[in-house]
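Colleague: Residue-level listing of the chains:
Number of protein chains: 2
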Amino acid sequence: MAAKILLVEDEPAIQELLAFNVRQCGYQAIQAEDAAAALAHVNRELPDLILLDWMLPGIGGIELAKRWRADPRTRDIPIIMLTARTEERDKIAGLESGADDYITKPFSPRELMARIRAVLRRRAPEMSEETVSVGGLALSPATHRVTAGGTSIDLGPTEFRLLHFFMTHTERVYSRSQLLDQVWGDHVFVEERTVDVHIRRLRQALEPSGQDGLIQTVRGSGYRFATA
Amino acid sequence: MAAKILLVEDEPAIQELLAFNVRQCGYQAIQAEDAAAALAHVNRELPDLILLDWMLPGIGGIELAKRWRADPRTRDIPIIMLTARTEERDKIAGLESGADDYITKPFSPRELMARIRAVLRRRAPEMSEETVSVGGLALSPATHRVTAGGTSIDLGPTEFRLLHFFMTHTERVYSRSQLLDQVWGDHVFVEERTVDVHIRRLRQALEPSGQDGLIQTVRGSGYRFATA
DNA sequence: TAACTGTCATAATTCTTTCATAGAATGAAT
DNA sequence: ATTCATTCTATGAAAGAATTATGACAGTTA
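Chains G and B are the protein sequences, given in the same order. Heads up, the first sequence is in our numbering, so the first residue is 1 and it goes up one at a time. Heads up, the second sequence is in our numbering, so the first residue is 1 and it goes up one at a time.
Think of the hints as simulated: they come from the structure by calculation, not from any bench. Possibly wrong hints are sitting among the right ones.
One copy or two, it doesn't matter: identical chains are merged, so the pair holds either way.
[Unchecked claim] Below, in silico cross-link-like pairs of lysine to any residue (SDA-like), each with a Cα-Cα straight-line distance of 25 Å or less:
#1 Lys66 / Leu120
#2 Lys66 / Gln204
#3 Lys66 / Asp10
#4 Lys4 / Thr227
#5 Lys66 / Gly156
#6 Lys66 / Phe20
#7 Lys4 / Thr74
#8 Lys4 / Gly222
#9 Lys66 / Glu129
#10 Lys66 / Thr170
#11 Lys66 / Met55
#12 Lys4 / His41
#13 Lys66 / Arg145
#14 Lys4 / Gly220
#15 Lys66 / Val134
#16 Lys66 / Gln216
#17 Lys4 / Ala205
#18 Lys4 / Ser221
#19 Lys66 / Glu130
#20 Lys66 / Thr194
#21 Lys66 / Asp212
#22 Lys66 / Ala228
#23 Lys4 / Gly136
#24 Lys66 / His198
#25 Lys66 / Ala40
#26 Lys66 / Pro157
#27 Lys66 / Ala19
#28 Lys4 / Met55
Using the sequences and the hints given, assemble the complete structure.
Modeller: In structure tokens, the structure reads:
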């Protein structure tokens, strides 16, 4: 599941350039040429990252960023601002509006991609393709493989995503509905109790290696993945 | 659990503006266009904060505030007064009627939200996700964990909420019925003596770490959480 | 066909509340 | 100061309620 990146940019040429680069890196590019289209899309489906032009006709980039930051549903989406200006105080304004990073045009594709990767790693670690290790477990998104001390563990797609999310978000308690949003996806209509079933399947798969204790039930709240 | 904010404002335009801003910040907006509607709603369900227009048809804002302040059930709900007047003596009258803060129209959404956050932080600190430490105890809502000097303490849901409330409201005595309102929730029909049982269980859980002395019994009044 | 997903029914577990009783504190009267 | 009655709190036990775990099944998808 490649990360979905929303590109908000009104100039068609730059729009295409961005899309090309983003796709080259294996991400899925979604294009929006103005604030309205961007808002509409985000409303429909949450992207994993937003590349946002500073100068937009109508509602500007900063205003857009602020709106998304104010809404709990979109608060955690990483945003990278894209601008022609280089002045320091503009940079500050951009970051204050809630952007995670900032890149000035003209930009090198390599730099852009590096920043995308860095931001994803920081804000949405489950979207980066890096191998994660917690406790005695190692999960590699690239090869879609989970191992515990050398031996491989077989997981279904959902259990894999669930484990990946947990391994990149340890210690914190997540309610069933938060897990549904994060692992199943926003706008998915599934019984909350279904989470229980997948938790059980995941525990079952981890049991032979003795790693099932990592998944903790927090009665009345949800589940937690932690080493203790 | 987003904080519920009751908006009492008769002008539809301002009403909507307020609701929009409040929702943008992730709070739940409840709208009432006159005193009767506001009273009815509060009677049914306690909001976490009230935004109250000074000028209302019929019963005015000040009168409303006074009523809520007089009722033990609603005494502690934070109230922010909303008014067009800027004169100092009006401000004083507003604050004397029991409002926690005061903002004059026209107001900037940023200012309004800042005040809401400030008041909520002041009056309902246990709603935040921040880790709190008192004595040798540390409680983290995000991870749903309590530790005393490195060792973890297991608590049931109610004991957890009770401790969280105490840790964010130290040095003050709370009656059983106040605790029921604050920890169990308003409109809950439970024996007052039940509080004793949960206090005991909490003490029991804290005893191994020697932190049980923090919970003090105040005969005839209730309980207090304090470091002495 | 085989693997996977979501839902349901039911079992197992944990938590809440209530109740009965024991224990402490308080104050008045001796 | 001591006794006693009264009031309030502590505690253990147990029924009852709520939440979670688990197994099975039917429908999908690859």
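Colleague: Now tell me, hint by hint, if it's right for this structure.
Modeller: Status of each hint after checking the structure:
no.: 1; hint: Lys66 / Leu120; result: both (19 Å within a copy, 22 Å between copies)
no.: 2; hint: Lys66 / Gln204; result: neither (42 Å within a copy, 47 Å between copies)
no.: 3; hint: Lys66 / Asp10; result: within (19 Å within a copy, 29 Å between copies)
no.: 4; hint: Lys4 / Thr227; result: neither (31 Å within a copy, 36 Å between copies)
no.: 5; hint: Lys66 / Gly156; result: neither (38 Å within a copy, 39 Å between copies)
no.: 6; hint: Lys66 / Phe20; result: between (27 Å within a copy, 14 Å between copies)
no.: 7; hint: Lys4 / Thr74; result: both (14 Å within a copy, 20 Å between copies)
no.: 8; hint: Lys4 / Gly222; result: between (27 Å within a copy, 23 Å between copies)
no.: 9; hint: Lys66 / Glu129; result: between (28 Å within a copy, 22 Å between copies)
no.: 10; hint: Lys66 / Thr170; result: neither (27 Å within a copy, 36 Å between copies)
no.: 11; hint: Lys66 / Met55; result: within (14 Å within a copy, 32 Å between copies)
no.: 12; hint: Lys4 / His41; result: within (12 Å within a copy, 28 Å between copies)
no.: 13; hint: Lys66 / Arg145; result: neither (38 Å within a copy, 32 Å between copies)
no.: 14; hint: Lys4 / Gly220; result: between (33 Å within a copy, 21 Å between copies)
no.: 15; hint: Lys66 / Val134; result: neither (35 Å within a copy, 35 Å between copies)
no.: 16; hint: Lys66 / Gln216; result: neither (33 Å within a copy, 46 Å between copies)
no.: 17; hint: Lys4 / Ala205; result: neither (29 Å within a copy, 42 Å between copies)
no.: 18; hint: Lys4 / Ser221; result: between (30 Å within a copy, 20 Å between copies)
no.: 19; hint: Lys66 / Glu130; result: between (30 Å within a copy, 23 Å between copies)
no.: 20; hint: Lys66 / Thr194; result: neither (32 Å within a copy, 46 Å between copies)
no.: 21; hint: Lys66 / Asp212; result: neither (39 Å within a copy, 45 Å between copies)
no.: 22; hint: Lys66 / Ala228; result: neither (36 Å within a copy, 46 Å between copies)
no.: 23; hint: Lys4 / Gly136; result: neither (30 Å within a copy, 43 Å between copies)
no.: 24; hint: Lys66 / His198; result: neither (34 Å within a copy, 44 Å between copies)
no.: 25; hint: Lys66 / Ala40; result: within (16 Å within a copy, 35 Å between copies)
no.: 26; hint: Lys66 / Pro157; result: neither (35 Å within a copy, 36 Å between copies)
no.: 27; hint: Lys66 / Ala19; result: both (24 Å within a copy, 17 Å between copies)
no.: 28; hint: Lys4 / Met55; result: within (22 Å within a copy, 36 Å between copies)
The structure shown violates the earlier hints numbered 2, 4, 5, 10, 13, 15, 16, 17, 20, 21, 22, 23, 24 and 26.
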